[in-house]
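Novice: Those letters in the sequence shown? Residues 42 to 534, by the numbering used here.
Careful: at least some of the hints might be erroneous.
[Stated by the list, open to error] Cβ-Cβ distance ranges computed for the label pairs, FRET-style:
#, residue 1, residue 2, range
1, 422, 194, 51 to 57 Å
2, 335, 186, 30 to 36 Å
3, 253, 305, 17 to 23 Å
4, 296, 388, 29 to 35 Å
5, 479, 384, 28 to 34 Å
6, 266, 335, 47 to 53 Å
7, 426, 294, 47 to 53 Å
8, 504, 209, 19 to 25 Å
9, 274, 381, 47 to 53 Å
No wet-lab data here; the hints were simulated from the structure. Glycine residues also receive a C-beta, built at the ideal position from the N, C-alpha and C atoms.
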Amino acid sequence: MKITLLTKHPENFPACQPSNSYVDASVRTVQSILDTKEILILSEPDNQLLNSLNLDNNQAIFIIDYKSYLDGSYDLLRDLLKHNKKPYIIVINAPNEAELAVKYLKAGAYHYFTEELNYDCLCTIIHEILTKSTLSTNQLVSELDAYFIGNSSCIKKIKEVIPKIAETNCNVLISGETGTGKELVARLIHKLSPRSRKPFIVIDCTTLQETLFESEVFGYEKGAFTGAISPKKGLIELADGGTLFLDEIGDLNLSIQKKFLRFLQEKSFNRLGGTKLIKVDVRIISATNRNLKEEILSGKFRADLYYRLCTLQIYIPPLRERKEDIPLIVEHYLNIKAKELNKEIKGFTKDFIDKLIKYDWPGNVRELINLIERAIILTEGDIITGDVLNEYIEQTSDKLETTSQIALKDETVVSIDDKITNQINVVKLTLHEMEKKLILETLIKNNWNQSRTAKELGISRKQLITKMKKLGLLKERYYSRDENSNKKIETNN
């Protein structure tokens with residue numbers, strides 16, 4: 042971590058030399074850093090210089106000599122907070138005034154030392170900061186490794202981006218096949234975020250019925266319906282201050298999507314049967330196993346809702362694309378499941394791992410965890426061998442083979458002429474969908490401005506309008522409007 046001293050009089054600044062009093066050996070490490078002058082000294086910092094101090098985007102320690110800048114020290118403090126990522130700022134040689142100390146500490150100073158500065162104390166504070174930074178980094182790595190198992194390049198990239206995403210308040214869309222660990226990633230983002238002490242509430246969109254949507258999600262007031270004998274908070278209200286996880290968002294019908302969109306736009310809602318507007322502070326993380334862009338093209342998912350949810354996106358690859366992670370996942374869950382089942386398992390054979398790696402894992406990590414549990418139960422000794430997998434793999438292979446035979450049998454009743462016709466239709470459909478996709482994405486990019494869209498596509502505005510009508514690309518179908526407003530939506534210039 043960088044240590045920077047801001048002073049106009051460096052010659053008057055002792056290099057944190059210890060006094061005769063006892064100083065802990067670990068603190069002397071910090072003193073030695075300062076004694077050997079591994080510290081940057083700046084006298085006239087400007088905004089450009091302050092901005093360049095943290096180009097690597099790491100945390101840093103800044104020591105401001107109040108005597109050098111007097112009242113300008115406060116502006117310097119604010120500039121440092123503005124230009125650097127979570128800096129630790131220590132103010133030294135400051136007046137012994139409680140009101141001034143409170144002002145600096147409230148503004149973001151980590152510590153405030155008066156003119157009677159004890160340099161041993163300063164070194165102790167710096168040591169405390171360095172220790173805290175090391176611990177938080179180690180904890181972060183530990184959390185990532187414990188939650189999300191794997192060392193493949195794709196998993197490493199996800200692990201790198203998760204802490205950055207966690208720091209923000211942006212909505213996140215996590216995509217990937219069933220069983221890849223989307224909820225696990227969502228929980229990890231929440232756990233590493235400033236909202237970690239607040240609730241993490243899950244809404245399972247696959248089971249959300251339209252008739253019960255408002256009462257479950259928004260809550261209800263007393264007397265809202267028969268049986269509503271007292272008011273009840275909905276899932277969104279319960280998540281206030283925390284994270285709302287919308288699991289399998291692609292399964293929502295269009296009517297519910299519309300209601301969710303309004304909430305996302307306003308960040309407020311009414312309970313069922315109520316008139317009071319309730320505002321909440323929640324972060325939205327969504328997950329889906331579908332291709333939502335294709336769902337938009339087919340009219341099954343709203344484009345405006347998609348772009349609200351997808352400020353940041355994480356794609357989790359299927360297990361078959363990162364088989365090098367299988368041994369690590371097995372080792373991790375083998376220990377956990379063996380303890381849960383109260384069974385002593387010392388390890389597994391190479392044959393066991395080889396068979397796992399050869400398998401394609403349609404159910405992904407979830408299927409692997411279930412198979413690990415099955416293997417522990419079926420193993421009579423304390424070493425798991427590949428034999429326990431034979432029956433499972435054979436049964437799965439038989440099912441896949443049967444499915445393939447049914448598909449082939451169905452195909453044999455189609456004549457050659459029919460096949461050719463079908464292939465031509467498939468090509469036409471593909472080109473049709475490709476054109477529709479391109480035009481739709483360009484329209485959305487240009488906020489449905491037809492002139493700009495036509496220019497970008499290299500066609501005339503008249504041609505664009507003709508194609509939009511032919512392809513059914515109406516703004517009202519893909520884009521929301523404020524139903525409380527009587528303003529007409531303009532699609533033209």
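Novice: Hint by hint, which ones does the structure fall short of?
Specialist: 1, 4, 5, 6, 8, 9
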